[in-house]
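So that you can map any letter, position 506 of the sequence shown is 506 in the UniProt record's numbering, and since no number is skipped, the others follow by simple counting.
Hint data in this document are derived by calculation from the structure and do not stem from the laboratory.
Values in this document were obtained by computation on a predicted structure and should not be read as measured data.
Any given hint might turn out to be false.
FRET-style restraints, in silico, Cβ to Cβ [unchecked claim]:
| no. | residue 1 | residue 2 | range |
| --- | --- | --- | --- |
| 1 | Asp299 | Thr602 | 19 to 29 Å |
| 2 | Ala74 | Gly9 | 20 to 30 Å |
| 3 | Asn536 | Asn593 | 17 to 27 Å |
| 4 | Thr512 | Arg578 | 15 to 25 Å |
| 5 | Arg578 | Asp299 | 30 to 40 Å |
| 6 | Glu64 | Leu672 | 37 to 47 Å |
| 7 | Thr84 | Met171 | 49 to 59 Å |
| 8 | Thr84 | Arg578 | 28 to 38 Å |
Here a beta-carbon is modelled for each residue, glycine too, at the ideal position from N, C-alpha and C.
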Amino acid sequence: SDHMENICGYLMKYTNLVTGWQYRYFVLNNDAGLLEYFVNEQSRQLKPRGTLQLAGAVISPSDEDSHTFTVNAASGEQYKLRATDAKERQHWVSRLQICTQHHTEAIGKNNPPLKSRSFSLASQGSANSPGVQRRPSQNAVSFFSVGHHRLPTGKRVPIMQPDHLVDVREMMSQAEGQQRDLIRSIECLPASGHLTSLDQDLLMLKATSMATMNCLNDCFHILQLQHASQQKGSLPAGTTISWLEPKISLANHFKNGAAQNFPAEINKPASVREEQSIAEPCQLTREPEEINPDEELEDICDDKEDDLGAVEEQRSVILHLLSQLKLGMDLTRVVLPTFILEKRSLLEMYADFMSHPDLFIAITKGSSPEERMIRFVEYYLTSFHEGRKGAIAKKPYNPIIGETFHCSWRMPKSNVATDAGTNSSAHTPSEQVTLPKDPEGQAEPDYYIVKFVAEQVSHHPPVSGFYAECVERNMCVNAHVWTKSKFLGMSIGVTMVGEGVLHLLEHGEEYTFSLPCAYARSILTVPWVELGGKVNINCAKTGYSASINFHTKPFYGGKLHRVTGEVKQNMTNTVVCRVQGEWNSVLEFTYNNGETKYVDLTKLSVTRKRVRPLEKQGPFESRRLWQHVTESLRDGDIDKATEHKRALEERQRNEERLRAETETPWCTKYFLKDGDGWVYHKPLWKTVSAAQTQQTDSN
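Produce the complete structure using the sequences and hints provided.
Structure, rendered in structure tokens:
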């Protein structure tokens with residue numbers, strides 16, 4: 001081919017965490033199917049510093065930026081490379097892919113199927129092998145063997161006969177049995193010693209064998225459909241060829257590399273026994289609890305999620321997990337490894353989106369509907385930066401059903417922006433609402449209080465409800481979110497299904513909004529987060545709306561974390577404000593009068609939330625519920641964290657099973673079902689309405 005040309009040049013190669021990226025001179029040898037590199041061009045006559053066989057390799061452009069790509073050899077060796085620009089990367093990637101395809105196909109043509117042979121995990125002749133020592137009566141062949149069989153040669157038939165499918169199914173059943181024996185043999189190995197169940201090579205063997213069987217099952221499924229179409233002339237109406245669900249239960253099979261069974265009850269830590277012995281939630285008091293903000297203290301917890309070490313160390317565990325997943329597979333019921341967890345619950349993450357209460361309170365102080373919509377868009381776009389803890393993509397704890405989280409913020413009134421030329425308290429008497437006064441007649445504080453409460457209202461599907469209010473400003477927000485996660489290959493996508501409503505009671509306005517999707521990219525190397533999708537904000541009363549696009553990084557070129565949007569008056573179809581920038585960096589607001597405003601999110605002040613001490617929290621409040629998992633993660637004890645996490649999940653499953661057997665419905669504590677959504681049991685708009693009715697009656 002004209003494209004099969006030898007190319008050479010300088011690329012940056014990632015060496016390790018210490019030396020980082022280094023310039024090296026690379027040579028693509030198409031005739032030999034090799035990628036070689038040297039220290040520099042002058043040393044090209046010497047022996048290469050490194051060589052990769054390209055037959056069977058995978059060339060992958062990185063989604064981190066437009067310059068980086070990886071070469072993954074069939075041997076397992078990997079080169080992470082970086083070109084000077086996107087054009088040069090594309091040149092190298094295309095030439096490498098052509099060379100790889102050519103030599104991979106050549107191997108397939110030149111190598112006939114292998115004769116039947118067996119491989120054994122334990123040495124058949126050695127009496128000192130671990131397998132023989134553990135099981136004296138068991139020989140190597142029964143320990144594990146897998147055969148490669150040459151299919152009988154013969155004349156190719158145009159239509160596959162039914163008995164051929166039966167033969168294939170029978171052979172696959174044998175292979176599945178051998179694969180199960182392999183998995184069982186590996187998992188029975190001791191946790192320590194010469195050969196362990198956590199051996200890197202054995203974990204890779206375990207993962208690849210499972211992936212192979214899943215792939216074969218998919219192929220067999222397609223063969224069956226093809227056979228049916230050949231018999232009938234076409235596929236049956238409504239038939240679709242789709243990926244099959246894995247035959248192995250992820251929840252039972254994948255346990256973060258640990259033994260599947262719990263240790264004996266007497267050997268469990270007291271904290272684990274406590275987690276499993278907490279009474280059935282519906283037997284506890286489900287009456288809503290009024291949290292006194294004066295009991296809450298400023299949060300001193302500062303768990304940064306910047307440690308990448310565990311991700312590299314647990315690479316084999318990630319490979320093991322990926323071997324069981326399918327493209328598009330729902331991850332809701334998949335047990336993920338503990339080391340990728342953040343040290344907070346998803347409910348607390350929703351609270352962290354409120355870390356700029358000054359911008360939240362300032363919304364209602366806008367002098368016009370246009371100004372209030374723009375302020376809401378500004379608050380909305382600044383909330384995601386603080387909601388994420390660091391750049392690395394880690395996952396918060398999945399809340400247990402009935403779990404709650406409470407906090408509040410105190411914001412000095414002098415720190416909340418007011419609209420220029422207007423008096424923030426200048427409302428007509430009909431707009432003002434007088435709430436019941438403090439019975440003790442204390443002086444009004446010089447700060448606003450924003451209160452927040454969240455509850456996990458459903459387990460399947462996983463739905464969270466959260467509510468925040470500022471009583472003094474007559475404003476509140478109510479939302480429910482169903483998190484749906486899917487496996488997308490080398491990334492994971494999370495769709496936030498649900499809706500939120502912001503109520504500005506003194507203006508009689510309601511702003512409905514949705515949330516963007518989130519993606520964890522590059523999950524095999526350094527995982528990172530980006531947001532994507534289109535969200536809409538609407539106010540039916542004023543006719544103003546906002547359309548915001550979170551742009552995912554394109555395959556070729558483009559910026560990370562880009563966001564664009566516009567605020568529009570629907571009745572006149574007039575765009576009154578445009579916004580662009582990055583949701584975790586700088587945002588630029590351009591108004592229709594020509595003025596421009598820049599918001600640097602990295603310099604915005606963050607107000608620490610106030611949380612009750614652990615000893616004052618209820619058993620189902622997030623921090624108390626997950627405290628042992630969090631402490632173990634802080635100490636770097638992944639095994640202990642996994643044990644505590646498993647105890648909580650096991651208790652939740654037992655409770656769910658008991659409710660199903662007794663046909664007992666789950667009772668929520670703070671949120672009530674309202675159509676397809678969930679609403680806080682005592683929202684501010686009900687309190688205000690009751691206060692107005694009381695004033696009218698007294699007059």
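Consistency of the hints with the structure:
Between Asp299 and Thr602, the C-beta spacing of about 21 Å keeps the proposed range 19 to 29 Å intact. A C-beta distance of roughly 24 Å is found between Ala74 and Gly9, which places it inside the suggested range of 20 to 30 Å. Checking the proposed 17 to 27 Å range against Asn536 and Asn593 shows it holds: the Cβ atoms sit about 25 Å from each other. Between Thr512 and Arg578 the C-beta distance comes to about 21 Å, which sits within the given range of 15 to 25 Å.
At about 36 Å, the beta-carbon gap between Arg578 and Asp299 stays in the expected band of 30 to 40 Å. The hinted range of 37 to 47 Å is satisfied by Glu64 and Leu672, whose Cβ atoms lie roughly 44 Å apart. Taking the beta carbon of each, Thr84 and Met171 are about 51 Å apart, inside 49 to 59 Å as hinted. Distance hint check: the CB atoms of Thr84 and Arg578 are about 34 Å apart, consistent with the given range 28 to 38 Å.
Going down the numbered hints, you'll see the structure goes against none, and every one checks out.
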